[in-house]
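*Asks:* Chains as they are written, first to last, in the numbering used here: chain S, 24 to 171; chain Z, 24 to 171; chain F, 6 to 90; chain C, 6 to 90.
What the hints contain is simulated information worked out from the structure, not anything from laboratory work.
Be a bit skeptical, because a hint or two may be false.
[Stated by the list, open to error] A few chain Z residues that face chain C, going by a derived Cβ cut-off under 7 Å, partial list only: (1) Arg-63; (2) Gly-67; (3) Glu-71; (4) Tyr-73; (5) Pro-141; (6) Ile-142; (7) Tyr-148.
If you're wondering where the values come from, they're calculated on a predicted model, not measured in any experiment.
Every residue gets a Cβ at the ideal spot worked out from N, C-alpha and C, and that includes glycine.
Here are the chains, one letter per residue:
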Amino acid sequence: MFLLSKEAIEIEPLRRLFADARAGAVATFEGRVRNHNDGRPVLGLDYEAYEALAVEEAETIMKEATDRFGLYKACCVHRVGSLRVGDLAVWVGVSGAHRAEAFAACQYIIDAVKHRLPIWKRERYADGSVEWVNCQSGSRELSREHAH
Amino acid sequence: MFLLSKEAIEIEPLRRLFADARAGAVATFEGRVRNHNDGRPVLGLDYEAYEALAVEEAETIMKEATDRFGLYKACCVHRVGSLRVGDLAVWVGVSGAHRAEAFAACQYIIDAVKHRLPIWKRERYADGSVEWVNCQSGSRELSREHAH
Amino acid sequence: MAYQESKQVQIRYYAALREERGLPAETVTTFAGSLRELYLELRDKHGFRLGCERLRVAVNDRFGNWDDELADSDRVVFIPPVSGG
Amino acid sequence: MAYQESKQVQIRYYAALREERGLPAETVTTFAGSLRELYLELRDKHGFRLGCERLRVAVNDRFGNWDDELADSDRVVFIPPVSGG
């Protein structure tokens, strides 16, 4: 299950989806807006998504992870719109029988979500400037580490 | 931070401890009582802890993980007492700047908690029998995989 | 060379490309044969900074290849380097 | 051989060992010199199934080694294979 959300992500209702008597392990990941990136103070950011393709590609990712790691359930919600420091940007939760598969699957999903979904992040900096992350043309920006 | 809890573990208050403007990544793990182990139907289980040593060893583990992975926060709560299928047995949460460290740290903590803390699990089976997991003397039991 | 009819295609722009174009979407009449030719034509016209090697492309809400043929009525999206998560 | 005084030590039992002993704790008077000797003495007496190689041992709420010397008033816990998490 994958959702793009214009509203703040509520975790409790998501967690309730994971009640399953077979599941011994639930791994979750929260990506949050942090107050720094690449050494620059960040005030907030805006997410924009190419919705139709993002949802389809995300469902493909969820299915890959479910099949590969034998999950009982996999869920991901990604915010769009304007976020402030501390806000939840993305949530991933997976359940399985054992913990090794749950961790591996959760990491697989968040890595794929970051690399494959047509979603873009514009950072707002303390100095008033804004920048679409990864979209600069210079070599400095190409080599940056923007991962959470 | 490590706690042994005689009551059901509530996750929301734990999650609130992780509000931190620097934190881009929060990884969590929930170990739950599942309805099967080693092919046998499980009804529930009882956890018993050697409390003084469990708490001290757990604090050592949390510090190791915090130092090694540069965490902002690490927290683990482990249940003791009688649990039913679906109940939360252990919760681990960590926050850091980036996701790779958060996942690695969360996994490090749950692995160490399972292998190093003096805590014991007695499984109650559907056929009415009970068994202290890992404590059988035969070779079959030695080779079992009891991890979540 | 065979006679080529012009095609009408719909283009949507996201993120940095949307800002460079100053529009979220437009309908374009083109003789471009492939997605690559279409992008190069638009890049030439609007001065987009990023080259094809930094972008991906989607047609009718599926990922496509730059050398895929462009058809009349295609809905095309040029995808700048993503940064979700 | 030097004269050995008897020691009084407190023992707590957990999990499988507690059930085998039928008691959560006891005070024992012993001439055992080491933690290993103490366990073997008690194993002999109560028929504990697991050997030292399957157990760990703690003294005064710290992990110890089987060959550590036993002192009067020590609080000893024999730790069956753990299964937390």
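*Asks:* Run every hint past the structure and note whether it holds.
*Replies:* Okay, the hints, checked on the actual structure:
{"no.": "1", "hint": "Arg-63", "result": "15 Å, violated"}
{"no.": "2", "hint": "Gly-67", "result": "15 Å, violated"}
{"no.": "3", "hint": "Glu-71", "result": "5 Å, holds"}
{"no.": "4", "hint": "Tyr-73", "result": "6 Å, holds"}
{"no.": "5", "hint": "Pro-141", "result": "5 Å, holds"}
{"no.": "6", "hint": "Ile-142", "result": "3 Å, holds"}
{"no.": "7", "hint": "Tyr-148", "result": "15 Å, violated"}
Going through the hint list in order, the structure does not satisfy hints 1, 2 and 7.
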